[in-house]
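Undergrad: Protein sequences, first through last, are from chains X and V. Mapped onto the UniProt record's numbering, the consecutive letters of the first sequence carry residue numbers 1 to 102. Mapped onto the UniProt record's numbering, the consecutive letters of the second sequence carry residue numbers 1 to 102.
These aren't lab readings, by the way, just hints derived from the structure by calculation. Fair warning: this is a prediction, and the values are worked out from it, not measured in the lab. Hints are not guaranteed to be accurate.
The list makes no distinction among identical chains, and a pair is therefore deemed to hold if it is satisfied within one copy or across any two copies.
[Said to hold, decoys possible] Okay, derived cross-link-like pairs now, DMTMM-like style, lysine to aspartate or glutamate, Cα gap no bigger than 25 Å in a straight line: (1) Lys100 with Asp38; (2) Lys37 with Glu99; (3) Lys40 with Asp2; (4) Lys49 with Glu89; (5) Lys5 with Glu99; (6) Lys100 with Asp48; (7) Lys40 with Glu77; (8) Lys100 with Glu71; (9) Lys83 with Glu71; (10) Lys9 with Glu71; (11) Lys19 with Glu59; (12) Lys5 with Glu41; (13) Lys49 with Glu99; (14) Lys5 with Glu89; (15) Lys5 with Glu71.
Listed below, chain by chain, are the residues.
Protein chains: 2
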Amino acid sequence: MDYSKMCPKFESAAELLGKKWTGLIIRVLMGGPKRFKDIKEQIPDMSDKMLTDRMKELESLGVVKRTVYPEMPVRIEYELTEKGRDLEEVTNSIQAWGEKWM
Amino acid sequence: MDYSKMCPKFESAAELLGKKWTGLIIRVLMGGPKRFKDIKEQIPDMSDKMLTDRMKELESLGVVKRTVYPEMPVRIEYELTEKGRDLEEVTNSIQAWGEKWM
Numbered sequence: 001m002d003y004s005k006m007c008p009k010f011e012s013a014a015e016l017l018g019k020k021w022t023g024l025i026i027r028v029l030m031g032g033p034k035r036f037k038d039i040k041e042q043i044p045d046m047s048d049k050m051l052t053d054r055m056k057e058l059e060s061l062g063v064v065k066r067t068v069y070p071e072m073p074v075r076i077e078y079e080l081t082e083k084g085r086d087l088e089e090v091t092n093s094i095q096a097w098g099e100k101w102m
Numbered sequence: 001m002d003y004s005k006m007c008p009k010f011e012s013a014a015e016l017l018g019k020k021w022t023g024l025i026i027r028v029l030m031g032g033p034k035r036f037k038d039i040k041e042q043i044p045d046m047s048d049k050m051l052t053d054r055m056k057e058l059e060s061l062g063v064v065k066r067t068v069y070p071e072m073p074v075r076i077e078y079e080l081t082e083k084g085r086d087l088e089e090v091t092n093s094i095q096a097w098g099e100k101w102m
């Protein structure tokens, strides 16, 4: 990697991943499709509004897919796309570093 | 990795790394010891105050070491500690994902 100058692709990836709660949301979704309340359960300190905003963002960036099941009541699930699942290396490396140094 | 519940170590690592500019600063320092102005050069949009705050934080967390060389004028350099260098897997995986998807 050329560390002598900043890389725009690294910069935009780091900005996306660096947003508060995003890293945690992605880690939860690594466990498979989840409903809103399942995600909130693992991240209780995050507000509903924040989760709603982050999911819209991640959906618009193609990292998360939202599926509406026309049941009674309606069931909505969120899951990682291929692009999202490809972040597993990132979450694994943060996990490994956290276990060693935190 | 157990995705069924949040991991406090992952959470604190993600929070540290997720702070705005921190990921970029760490990437710059992967290239070796740097002076304040060298870091600013690669991240022009970041204010001096922000960089000062982040460096204090990273120093207090043991991720960065600050060395003062008693020359005329004084020379101050920042470098990653072992704990900091151990983030290379994280920065590499963000770089790889960014190159593929951004």
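Undergrad: How do lysine 9 and glutamate 71 come out at 25 Å by Cα distance, when the copy is not named: within, between, both, or neither?
TA: neither (41 Å within a copy, 38 Å between copies)
Undergrad: What label fits lysine 40 with glutamate 77 when the C-alpha limit is 25 Å: within, between, both, or neither?
TA: Result: close within a single copy only, 13 Å intra versus 42 Å inter.
Undergrad: As a check of your reading, is lysine 100 near glutamate 71 (CA-CA no more than 25 Å) within one copy, between copies, both or neither?
TA: neither (45 Å within a copy, 37 Å between copies)
Undergrad: Could you place lysine 5 and glutamate 89 in one of the four classes (within, between, both, neither) given a Cα distance threshold of 25 Å?
TA: both (24 Å within a copy, 19 Å between copies)
Undergrad: Quick one: lysine 37 to glutamate 99, C-alpha cut-off 25 Å, is that within a copy, between copies, both, or neither?
TA: neither (27 Å within a copy, 33 Å between copies)
Undergrad: Within a copy, between copies, both or neither: where do lysine 49 and glutamate 99 come within 25 Å Cα-Cα?
TA: neither (30 Å within a copy, 31 Å between copies)
Undergrad: Within a copy, between copies, both or neither: where do lysine 5 and glutamate 41 come within 25 Å Cα-Cα?
TA: Between copies, since 9 Å is at most 25 Å while 41 Å is not.
Undergrad: At most 25 Å between alpha carbons: which applies to lysine 49 and glutamate 89, within, between, both or neither?
TA: neither (28 Å within a copy, 33 Å between copies)
Undergrad: Reference check for the pair lysine 83 and glutamate 71, CA-CA at most 25 Å: within, between, both, or neither?
TA: neither (28 Å within a copy, 50 Å between copies)
Undergrad: I want to check one pair: lysine 100 and aspartate 48. Are their C-alpha atoms no more than 25 Å apart within a copy, between two copies, both, or neither?
TA: Result: close neither inside a copy nor across copies, 32 Å intra and 31 Å inter.
Undergrad: First find the shortest C-alpha distance between lysine 5 and glutamate 71 inside one copy, then the shortest across copies, and answer within, between, both or neither for a cut-off of 25 Å.
TA: Neither, since 52 Å and 27 Å both go past 25 Å.
Undergrad: Given a CA cutoff of 25 Å, do lysine 40 and aspartate 2 count as a within-copy pair, a between-copy pair, both, or neither?
TA: Only across copies: lysine 40 and aspartate 2 sit 17 Å apart there, 39 Å inside one copy, limit 25 Å.
The structure shown violates the earlier hints numbered 1, 2, 4, 6, 8, 9, 10, 13, 15.
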